[in-house]
Amino acid sequence: METQNNINYERIAGAIDYIKLNFKTQPNLDEVAEKVNLSPFHFQRMFTDWAGISPKKFLQYMSLEYAKGILKEQQATLFDAAFETGLSGTGRLHDLFINIEGMTPAEYKNGGKELSINFSYAETPFGNIIVASTPKGICYMAFADDKDDAFNQLYTQFPNASYYQVVDLAQQNALLIFKKDWSQLSNIKLHLKGTDFQLKVWEALLKIPMGGLNTYSTVANTVQMPTASRAVGSAIGANPVAFLIPCHRVIKSTGEFGQYHWGSNRKTAMIGWEAAQVNFKEAM
Numbered sequence: 001m002e003t004q005n006n007i008n009y010e011r012i013a014g015a016i017d018y019i020k021l022n023f024k025t026q027p028n029l030d031e032v033a034e035k036v037n038l039s040p041f042h043f044q045r046m047f048t049d050w051a052g053i054s055p056k057k058f059l060q061y062m063s064l065e066y067a068k069g070i071l072k073e074q075q076a077t078l079f080d081a082a083f084e085t086g087l088s089g090t091g092r093l094h095d096l097f098i099n100i101e102g103m104t105p106a107e108y109k110n111g112g113k114e115l116s117i118n119f120s121y122a123e124t125p126f127g128n129i130i131v132a133s134t135p136k137g138i139c140y141m142a143f144a145d146d147k148d149d150a151f152n153q154l155y156t157q158f159p160n161a162s163y164y165q166v167v168d169l170a171q172q173n174a175l176l177i178f179k180k181d182w183s184q185l186s187n188i189k190l191h192l193k194g195t196d197f198q199l200k201v202w203e204a205l206l207k208i209p210m211g212g213l214n215t216y217s218t219v220a221n222t223v224q225m226p227t228a229s230r231a232v233g234s235a236i237g238a239n240p241v242a243f244l245i246p247c248h249r250v251i252k253s254t255g256e257f258g259q260y261h262w263g264s265n266r267k268t269a270m271i272g273w274e275a276a277q278v279n280f281k282e283a284m
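Under the UniProt record's numbering, the letters of the sequence shown match residues 1 to 284, in that order.
Treat each hint with caution, since some may be false.
[As the list claims (entries may be wrong)] Cut-off 30 Å, straight-line C-alpha distance, at most; resulting in silico cross-link-like pairs (BS3-like, lysine-lysine): (1) K200 with K252; (2) K200 with K109; (3) K189 with K136; (4) K147 with K136; (5) K57 with K24; (6) K57 with K252; (7) K179 with K20; (8) K179 with K136; (9) K35 with K20; (10) K189 with K147; (11) K20 with K56; (12) K109 with K57; (13) K113 with K189; (14) K200 with K113.
It is worth saying that the hints were derived from the structure and are not from the lab.
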């Protein structure tokens with residue numbers, strides 16, 4: 001049985017999908033509310049509870065113009081510009097001291113043999129999620145629309161590991177990233193399976209602050225491989241830690257948000273939600 005949070009997320013996702021398809025006509029509150037089978041009053045309240053601002057303001061942030069505006073104003077110096085304008089201070093994500101430790105060659109080769117992996121499921125503003133950890137840190141986090149399929153995807157990453165459905169401190173710390181009050185976030189460590197190039201790209205993604213967006217070419221320049229945009233795109237697509245390593249903040253150079261491993265609607269929702277949080281905190 002779906003929880004109310006999941007039902008609410010599906011309604012918000014449906015509203016986002018409708019706006020994406022019809023944004024040029026600027027549909028009003030009544031029209032969007034009708035599409036998700038809610039009264040305008042309840043839709044307004046649900047959006048405000050979910051995002052912290054009104055549906056109209058939220059939808060402005062999730063539009064393509066938001067992405068284009070950021071890219072036009074900040075271009076190749078996106079991170080520096082965001083820092084100067086205070087986005088990184090309010091976003092907090094880049095302030096986290098997130099250590100990435102790669103698997104040893106033996107761990108990488110043998111599919112996690114002798115690794116002990118704890119995993120659990122949790123609710124987020126963007127749907128259910130599976131999060132897994134080794135004694136060294138978070139090794140996997142993915143949106144789990146189907147729990148069995150989500151676990152199978154984890155299992156394919158580490159087919160020879162031992163699995164225990166246990167909630168541990170590393171997982172709890174990682175899930176704090178979905179809360180609006182991040183003052184209690186502890187240092188987060190990641191224990192990832194990837195090539196040296198993939199680890200380098202994932203580290204670059206951690207430098208994109210909340211409310212900021214980068215293009216694939218910008219990330220390629222960050223890792224000092226300006227002609228490797230396609231390889232960078234593949235590494236971003238292989239990101240094993242959803243949201244915490246913010247691959248959703250990478251978009252096309254045209255300003256289009258593009259595809260996302262866990263669904264383009266979810267990516268749009270996260271970009272809009274983060275922009276709303278930054279705007280809300282700066283307005284306080």
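Now for the hints, and whether the structure bears them out:
1. K200 with K252: Given that 30 Å is the threshold and the Cα spacing comes to 20 Å, the pair holds.
2. K200 with K109: Roughly 19 Å between the alpha carbons, so the hint for K200 and K109 holds.
3. K189 with K136: holds, 7 Å
4. K147 with K136: holds, 24 Å
5. K57 with K24: holds, 16 Å
6. K57 with K252: Holds - the C-alpha atoms of K252 and K57 are around 23 Å apart, at most 30 Å.
7. K179 with K20: Holds. K179 to K20 sits at ~26 Å (cutoff 30 Å).
8. K179 with K136: holds, 23 Å
9. K35 with K20: holds, 13 Å
10. K189 with K147: holds, 24 Å
11. K20 with K56: holds, 14 Å
12. K109 with K57: violated, 48 Å
13. K113 with K189: At roughly 21 Å apart (the allowed maximum being 30 Å), K189 and K113 satisfy the hint.
14. K200 with K113: Holds: K200 and K113 sit about 24 Å apart, inside 30 Å.
Consistency note: the structure conflicts with earlier hint 12 alone.
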